[in-house]
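Number of protein chains: 2
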Amino acid sequence: MCGHAVGHTRICQMFVFAHQRGGRDFSNHISAVQPPIGCPKKRQVRICIKGWRAGLGTGEIAVGDLAALVAMGGTAPSRYALRHDQLLDGLVFVAKGTAVTDVWSAGRYVVKSGHIRYAIRPPIMPVAISRVVTPPFFQATSIRSLHRRTFIIYPISSATRLVLPVTLGFYFVPPNTIAKLGHLMAKPKNILFIMFDQLRWDYLSCYGHPHLHTPNIDRLAAKGVRFNKAYIQSPLCGPSRMSTYTGRYVHSHGASSNNVPLKVGERTMGDYLRDAGMGCWLVGKTHMTADAEGMARLGLEPDSVIGARVSECGFDIFERDDGMRPEGPDGFYDDSGALKYNAYLRSKGYHSDNPWHDYANSANDADNNVLSGWFLKNSDLPANIAEEDSETPYLTRRGMDFITAQGDAPWCCHLSYIKPHWPYIVPAPYHDMFGPEHFLRVVRSEAEREDPHPVYGGMMKAPVCTAFSRDDVRDKVLRAYMGLIKQCDDQMGVLFDWLEETGRMKDTMIVVTSDHGDYLGDHWLGEKTFFHDAAIKVPLIVYDPSPEADKTRGTTSYALVQSIDLVPTFTDVAGVDPSKLDHVLEGKSLLPLLHGKAETVARNYVFCEFDYSMRPLAHALDLDTTEARIFMVSDDRWKLIQFGGGFRSMLFDLAKDPQELTDLGDSAAHQEVISQLTAVLDDWARRPSQRTTMTTDTLMASRHKASTKGVLLGAVDEGDMPAELSVKYRGKKVPKWQDR
Amino acid sequence: MCGHAVGHTRICQMFVFAHQRGGRDFSNHISAVQPPIGCPKKRQVRICIKGWRAGLGTGEIAVGDLAALVAMGGTAPSRYALRHDQLLDGLVFVAKGTAVTDVWSAGRYVVKSGHIRYAIRPPIMPVAISRVVTPPFFQATSIRSLHRRTFIIYPISSATRLVLPVTLGFYFVPPNTIAKLGHLMAKPKNILFIMFDQLRWDYLSCYGHPHLHTPNIDRLAAKGVRFNKAYIQSPLCGPSRMSTYTGRYVHSHGASSNNVPLKVGERTMGDYLRDAGMGCWLVGKTHMTADAEGMARLGLEPDSVIGARVSECGFDIFERDDGMRPEGPDGFYDDSGALKYNAYLRSKGYHSDNPWHDYANSANDADNNVLSGWFLKNSDLPANIAEEDSETPYLTRRGMDFITAQGDAPWCCHLSYIKPHWPYIVPAPYHDMFGPEHFLRVVRSEAEREDPHPVYGGMMKAPVCTAFSRDDVRDKVLRAYMGLIKQCDDQMGVLFDWLEETGRMKDTMIVVTSDHGDYLGDHWLGEKTFFHDAAIKVPLIVYDPSPEADKTRGTTSYALVQSIDLVPTFTDVAGVDPSKLDHVLEGKSLLPLLHGKAETVARNYVFCEFDYSMRPLAHALDLDTTEARIFMVSDDRWKLIQFGGGFRSMLFDLAKDPQELTDLGDSAAHQEVISQLTAVLDDWARRPSQRTTMTTDTLMASRHKASTKGVLLGAVDEGDMPAELSVKYRGKKVPKWQDR
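So the sequence lines, in the order shown, correspond to chains C and F.
The first sequence begins at 49 in my numbering and counts up one residue at a time.
The second sequence begins at 49 in my numbering and counts up one residue at a time.
Calculated from the structure, these hints are not laboratory results.
Fair warning: there could be bad hints in the mix.
Each pair may be met inside one copy or between any two copies, as identical chains are not told apart.
Unchecked claim - Taking lysine to aspartate or glutamate pairs in the EDC-like style, the calculated list, with each CA pair at most 20 angstroms apart, reads:
no.	residue 1	residue 2
1	K425	D519
2	K628	E341
3	K425	D520
4	K509	D768
5	K784	E435
6	K753	D670
7	K628	D319
8	K757	D382
Since the model is a prediction, treat every value here as computed from it, not as a measurement.
With the rest of the complex left out, here is chain C (with noise of 0.2 angstroms):
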């Protein structure tokens, strides 16, 4: 009843929940408010009211409500960068049921350091109390709109004292709404998003590599889906892991290549997260650049909360390492390049100017000379580093460091893991776990190399695309790529039994994909930087531990998906409908999939962009910045290349051809196809991409929406509208000018 003092360090946020049934004026039953005794002096103490009328009306504070005190867990930084509303409809309609500690009731506890007390019988509330107070059925289609509109907020000054009413009671949950959607109830509380980088899709055993065995992906791979038609954005990592951030086309958000700066107005994930009411941390890399000149415009300092955010592709770090520490004439290729990586090197006790390089990823001779990584002659020889000391490892420890330290706050943690991405040299015993005998056959065609499409011709002629067409470097380039990969496998093991252990594979959705793939001298190229799948095609599996996810457990989906559809999935899992976002973001939840309501996603192509305009082939080719610009788009049977720069399209027939080397793009009998696919991206290029400020919903109503604000357009005389449209403009007197 009155005066109750929360005695749980932790609180730091308080919500009056009341449910309206009229009567007397509820705000009487408010007479203090009392900061939390042990709360953090530092933070600002919340209590806040919030009501809501029974059924689908609208909803205002009243006479004689029914309502409970419910307290939040304040440890998780993300919840303090919240704001108002943001920080109710974030941390209590889609918060998950950890986040509430103590619920009390007509006086007393029910829910204690989110143990619950007393059992709550139906039909006042028929789900787990913890269920009650973040009602995650607010997130359903038919009740969308009520999430934001029902609600009001009274944040009342900390200086007042709180006398709870005897009134209090339970929130109120329609059963029938509770009975429909039920099955929104058991979405996971966090999210693992790990990335390997430069991983090809069919170099695990799951997608079928015959001989380079991957058990703890493919066990992965059991418990969740395996996406076999997963693409990239951009095959490059900057812009690929650009769009996978943003859930936007590299069109759309503009960083189209390494270093170019991401746009200081992109939302990313970690916006969208946090605005959920879930943090959003990075352990590893992005390969992210700042957009030093945009922020400056607008007063953001980078090293301010909301400019470290902005710098660093919307994460919070826990340790940001894009793996990155070449070294030239003219210095270091990034000045904050795997310093932490260095650090714990030397503390570990490998002495030099760049232990990154000189143990990690060189190889020692006889007389202890350092053999680099970089030159490929070396790459079948053993890192000379401990394996567990060595870059894979290293970060995994990263990861469950990050992990071990959250609360019971909900958190994605994208663990972005630098290999099996050059330089191509791994340590023991992964050095030489593989050979000729291992490898896939290389697949290429001397037809490849007769005439071939001048861009791709061109791509040909790059040193590292020579290099990899010989088959002594792919000899031995191929053994390090292999045992790096088995490594991470071996690594995702460690990882997989330490979530079990602990608890949070029950909790965790788990995402595993990459940012491109690797050519491995595949039609004559090395790297990435072009279309076919092994550059392309990304390895994508999704783990989910709700039972809604249960049907689903183990198959595979040949939906065309693609890894902006990564945000809005993640969004979807924090509680916000990401169809309320697709005017900012260009994928779609892959959640009805893994949940087994949908086969598919709506989608029938997918797309993928380079921008070769900084790359010496553009200036062979003599192309303009706007010219050096390839686009792809992909059905189920076709691929369509299409190159600035007045250059004929490339075709490829991924049923009759799927390994892809026959180019049909000058083939009289497919110019039809060709016009359609051209089509197709025509009118996705004419998108409204940039039409991010208003949403589909506002835009939708704005039709049917009558100027009741005076506007009147075509307006010949007041018989021409309902009346009440001009009643400002009709019925006044006013002098004549000459007379005022």
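Following the hints, complete the assembly by docking chain F onto the known chain C.
The following block gives chain F in isolation, referenced to the frame of chain C:
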């Protein structure tokens, strides 16, 4: 010599220019900095050192440099927005001569309070002293790169003191550079950017109207260049203006309809001009809606200096007046609309709830009843207001108030009129100056109404279009519309006379244009929102006072120009080479054309767009928000209108059918033209409009940059590249990890 005290109250910034010669450490010359006496205390005093090596090499401050101490006038608000090197670049290298108030050399004044005290002889200083310290040649192509690269700046705490060195001397300007670049020295100092709203291109006598004589605007045309093919980017106020103010297509900036906020990340005219040291101010209308969500994400407070600019489309606000004080049963259309104007009217004795409506935009009958200007039946009546108190004269005076308040600093003033936009009503004597004998014949045919294109046909059905298709309505509205334009022209006379008297006509570029036209019943349409020239072609007259423009005075240009050309033109005037901004700006500078150096701009096509996804027509046609959009491309001969949602295109032959009465969209004979123009539009849609964070120069330079920072791709061994590139990877020794 030592300890100069600066005794001019308006001095707030000081710079030391040092010319490198070699010898001793220049920093020894500076022992202290003293705040100028009389400088307003709230302004931070800045003392900077700026050094330049003669010729085109790189610059550093060093031994025995010659230097001059230069003081800048400190009253113009625009300079307080500049930061660090922007301050120097903007004020010193771009600001016009009058920005410099004082120069000391070798311990004596050579310029004091703007007056030259000692003449400077060649060869040291072959131009007037104010030009020496504000060298406009830095804008020239040949040493463009110098501008950004050669200066280093050392801000010194204002708490220290400065003793001037005895080696103090003049900034050295190579005489041949001056000779080469002298032609750039006479750009206008200020820009008066006048926009009317809904002024049709052919309703001025200089554009051929036979009865609507506009001698004042014609007078400006006689002194400048009249563009006869000027197109806006969208036939609606908001999106058209956002393109004008950003220099980018609607498809690029995304504010595609009225009330769709302009994204916080979009740079505007104000950003570019302030960066160049020119203030950029608004007097009148913008139709801007702030991106509140984007600002909140970045922590931008609307009332901060930066936040206010972002909220106001980049302008500093002298007076914003969108001319919008409509009121309906749900309140005002714009809560902050016309507040100052209404206050002005009340101060002049026009008392009512809303004098904007009841006097300025309504007539009055014998019984003092308000006859609203919203009802077109009243359009031929005189507005109940003294002519001098109506909106157009009011804004003219506000514009003159702004100009009067300016000091020496260069400014751009966007004097943005509301008229002849609706409500269609005008005070005496303008209300009865025109009658049917003065009207242009309505341009429409019965054929247009027979089986029209579904979207065009749908538009015809809007109330405003059926109203304007009535001859009685047209008869009334045209009287007001033409009277409003006549009043606008008379006000231009007032303004131009005043600019002559105050001397501003000599140093101010004047632009007169409109945001779109008005159908006025042509083609059975009213308002704008479609693509006939009546809606998308606008008057554009540019007067440049500089001698370089003498050869084009009074000429007519038939170049295809667009409203997005104004931002690059203005940055060009302000001293920033617009080609340095072509990664963001999609228009072209008109200066070469104005200076007779080019007959056209580098462009074969103009583009225009309309987003009707918020309109009832989209619902009637059952289109989603991505489909209800229209694109137009036009060249000198053809105009293609392309529709989302699967409709066929429309086509007009502007040569054979200049009145655009015959839609050739389904003419079999024209399918090839349609295909060609469609391809142009498709190519345009794929342009990299979002790659705005890296300049074209940087992209181009990257093509040739060897990897000198250690990233070695495809290197099989040391011999595969120049030895220095792998210098950090060779010749190193470290112990084996087991022995560390």
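Exercise. When the hints from earlier in the document are held up against this structure, which numbers fail?
Worked result: none
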